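Chemist: Under UniProt numbering, think of the first position of the sequence shown as 1, with each following residue one higher.
Heads up, some of the hints might be wrong.
Said to hold, decoys possible - Across the chosen pairs, the derived CB separations fall in these ranges: (1) SER462 / THR394: 16 to 22 angstroms; (2) THR293 / ALA58: 27 to 33 angstroms; (3) ALA477 / THR293: 37 to 43 angstroms; (4) GLY233 / GLY65: 33 to 39 angstroms; (5) ALA154 / GLY455: 48 to 54 angstroms.
What the hints assert, rightly or not - In silico DSS-like links for lysine-lysine, alpha-carbon gap of 25 angstroms or less: (6) LYS145 / LYS126; (7) LYS104 / LYS126; (8) LYS104 / LYS145.
Calculated from the structure, these hints are not laboratory results.
All values derive from a computational prediction rather than experimental measurement.
Where a beta carbon is used, it is the ideal one built from N, C-alpha and C, also for glycine.
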Amino acid sequence: MNAAPLVGLGASLLLGAGLVQRAEAPPGSLALPLATDTAPAGVVAQAAPQRPSVSVTAFGARGDGTTDDTAALNRAASQAAGRDLMFPAGTYLIRGPVVFSGFKDQTVRGAPGATIRAAPDYQRGKVEGMLHFDRPVGVTVRDLKVVGQRVPGANPYATVIDGIRVTQGRNITLTGLHILDAPTNGIGVEDTDTVTLRGNVLERAGGAGGWSHRTVHQRWLNNTVIGLGDPGGKALAGLGFFATIGDDFLAEGNVLNNISNTATKTEGVHHVVYRNNTVDVFGKDGIKVMPYTGATATVEGAVIENNTVRARRSWAPDGSAYILMHSVNGGQIRGNRIEGTGGQPEVYSEDAIKVNTWASGPPSRNIVIEGNQVRDTRRGIRIEADNVVLRGNTVTGRLPWARSAVIVGSNGVSIADNLFDGPAVGVLIDRGFGRTRIENNRFDHVETAVYADNGNPAVTVSRNTFGAAVQKAVAGAVGRDCNFYNSPECRAP
Numbered sequence: 001m002n003a004a005p006l007v008g009l010g011a012s013l014l015l016g017a018g019l020v021q022r023a024e025a026p027p028g029s030l031a032l033p034l035a036t037d038t039a040p041a042g043v044v045a046q047a048a049p050q051r052p053s054v055s056v057t058a059f060g061a062r063g064d065g066t067t068d069d070t071a072a073l074n075r076a077a078s079q080a081a082g083r084d085l086m087f088p089a090g091t092y093l094i095r096g097p098v099v100f101s102g103f104k105d106q107t108v109r110g111a112p113g114a115t116i117r118a119a120p121d122y123q124r125g126k127v128e129g130m131l132h133f134d135r136p137v138g139v140t141v142r143d144l145k146v147v148g149q150r151v152p153g154a155n156p157y158a159t160v161i162d163g164i165r166v167t168q169g170r171n172i173t174l175t176g177l178h179i180l181d182a183p184t185n186g187i188g189v190e191d192t193d194t195v196t197l198r199g200n201v202l203e204r205a206g207g208a209g210g211w212s213h214r215t216v217h218q219r220w221l222n223n224t225v226i227g228l229g230d231p232g233g234k235a236l237a238g239l240g241f242f243a244t245i246g247d248d249f250l251a252e253g254n255v256l257n258n259i260s261n262t263a264t265k266t267e268g269v270h271h272v273v274y275r276n277n278t279v280d281v282f283g284k285d286g287i288k289v290m291p292y293t294g295a296t297a298t299v300e301g302a303v304i305e306n307n308t309v310r311a312r313r314s315w316a317p318d319g320s321a322y323i324l325m326h327s328v329n330g331g332q333i334r335g336n337r338i339e340g341t342g343g344q345p346e347v348y349s350e351d352a353i354k355v356n357t358w359a360s361g362p363p364s365r366n367i368v369i370e371g372n373q374v375r376d377t378r379r380g381i382r383i384e385a386d387n388v389v390l391r392g393n394t395v396t397g398r399l400p401w402a403r404s405a406v407i408v409g410s411n412g413v414s415i416a417d418n419l420f421d422g423p424a425v426g427v428l429i430d431r432g433f434g435r436t437r438i439e440n441n442r443f444d445h446v447e448t449a450v451y452a453d454n455g456n457p458a459v460t461v462s463r464n465t466f467g468a469a470v471q472k473a474v475a476g477a478v479g480r481d482c483n484f485y486n487s488p489e490c491r492a493p
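Make a model of the complete structure from these sequences and hints.
Modeler: As structure tokens, this is what we get:
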């Protein structure tokens with residue numbers, strides 16, 4: 001793995017992460033990824049073996065909240081000599097980083113009430129982490145509270161200070177941590193092979209609650225991220241957690257609340273799984289998988305399943321979707337629950353699910369969108385990708401807010417066995433796109449069920465059911481069985 005230090009960290013790194021194997025794909029497509037919650041054999045982070053332990057107080061740390069414990073804690077970190085390192089209850093004031101170099105098969109643990117707090121005049125020195133782990137192997141860090149000195153409104157990337165930073169590590173576990181007010185990231189992981197972040201609370205970080213870079217085999221499990229809320233127009237303000245460049249990423253059971261920017265994303269990370277997460281109030285995108293500009297043009301394999309994403313806010317001008325895939329080859333978006341604003345507040349750039357192309361890269365391909373429940377978004381599902389199957393979804397809304405259930409902006413899309421109830425248009429096919437098959441769907445309470453009057457060749461509308469409140473079944477020239485407007489033959493019994 002490239003262990004070159006990260007340089008130029010800034011707003012350009014506000015990007016994303018990955019995991020996967022095989023599942024049902026559209027006919028003729030590549031095999032799609034299948035979620036798994038374990039890393040390949042031999043790379044799962046293991047609990048550190050039992051070791052003799054020593055308290056930081058043995059090295060002169062006071063933990064009284066007023067004494068500068070920086071030197072004492074660095075002595076403890078440099079002289080632990082293969083022993084686990086314990087922090088008794090107390091508040092350990094630091095004015096600079098505590099560096100743990102070359103730890104192997106050791107645990108750094110806090111007793112209940114153990115807090116490391118940055119002094120108001122904290123200086124980061126040459127490393128990024130308040131607790132900085134360099135080249136750790138088989139290390140667990142657990143049950144500590146870390147409190148930074150974030151300045152509200154400051155650029156979080158002007159001077160990078162993370163609550164905890166791990167660099168060039170292997171088989172790392174970070175668990176039971178509570179990190180507040182980190183100026184940049186609550187937890188940062190870089191150039192690491194196999195890391196598990198489990199049951200942490202990451203609160204009010206300036207940059208992101210958590211971030212990883214050039215890291216493989218990572219697991220984000222049952223963490224809670226609490227953001228900064230409305231950033232007041234400051235575009236750099238906080239993300240939930242994200243990963244840039246890597247392979248094999250799983251985020252499961254996490255809760256992200258009141259996130260100023262994108263709640264969670266991966267960029268340039270192949271084989272990504274987001275499963276059973278909850279995103280509640282976010283300012284840009286909810287869950288996003290995308291390439292990393294300058295490193296990857298496409299992402300191989302992504303699954304976003306059984307998540308709940310709700311309450312987008314227009315805090316970032318370029319946000320658009322609750323769930324988003326950019327330039328993904330082989331993806332599944334299934335079983336998610338998306339709850340829009342219903343126009344309260346009015347967030348006009350509001351797609352529930354969007355699959356499209358990142359920048360000038362290749363389009364997304366071979367995507368299944370299945371079994372999702374979408375309610376009260378301005379627009380439902382937007383498809384701008386090749387070889388897409390849309391089946392078994394429910395999209396509901398209320399006029400005048402809900403405008404369209406599905407927007408098709410690509411060729412060869414299959415739309416089958418869905419329920420569309422309430423938006424103004426059920427399926428809208430953008431200008432010039434064709435070969436769309438719309439079959440076995442139920443349309444209720446829409447003004448126009450299918451709009452294919454934009455020069456759309458070879459559109460087939462077959463065996464659909466149109467409720468009595470549908471004003472027009474089909475607009476445009478299509479194949480059987482509804483090439484007409486509002487005809488009794490097209491209506492439900």
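Chemist: Compare the structure with each hint and give your call.
Modeler: Structure-based check of each hint:
Remark: the range hint 16 to 22 angstroms for SER462 to THR394 is upheld by a beta-carbon distance near 20 angstroms. Between THR293 and ALA58 the Cβ separation comes to about 49 angstroms, which falls outside the hinted range of 27 to 33 angstroms. At about 41 angstroms, the beta-carbon gap between ALA477 and THR293 stays in the expected band of 37 to 43 angstroms. For the pair GLY233 and GLY65, the supplied restraint of 33 to 39 angstroms holds, since their beta-carbon distance comes to about 36 angstroms.
The given range of 48 to 54 angstroms is respected by ALA154 and GLY455, whose C-beta atoms sit roughly 51 angstroms from each other. Distance hint between LYS145 and LYS126 is fulfilled; the C-alpha atoms sit about 23 angstroms from each other, no more than 25 angstroms. For the given pair, LYS104 sits about 22 angstroms from LYS126 by alpha-carbon distance, which is consistent with the 25 angstroms threshold. A C-alpha spacing of about 22 angstroms is found between LYS104 and LYS145, which places the hinted pair at or below 25 angstroms, so the restraint holds.
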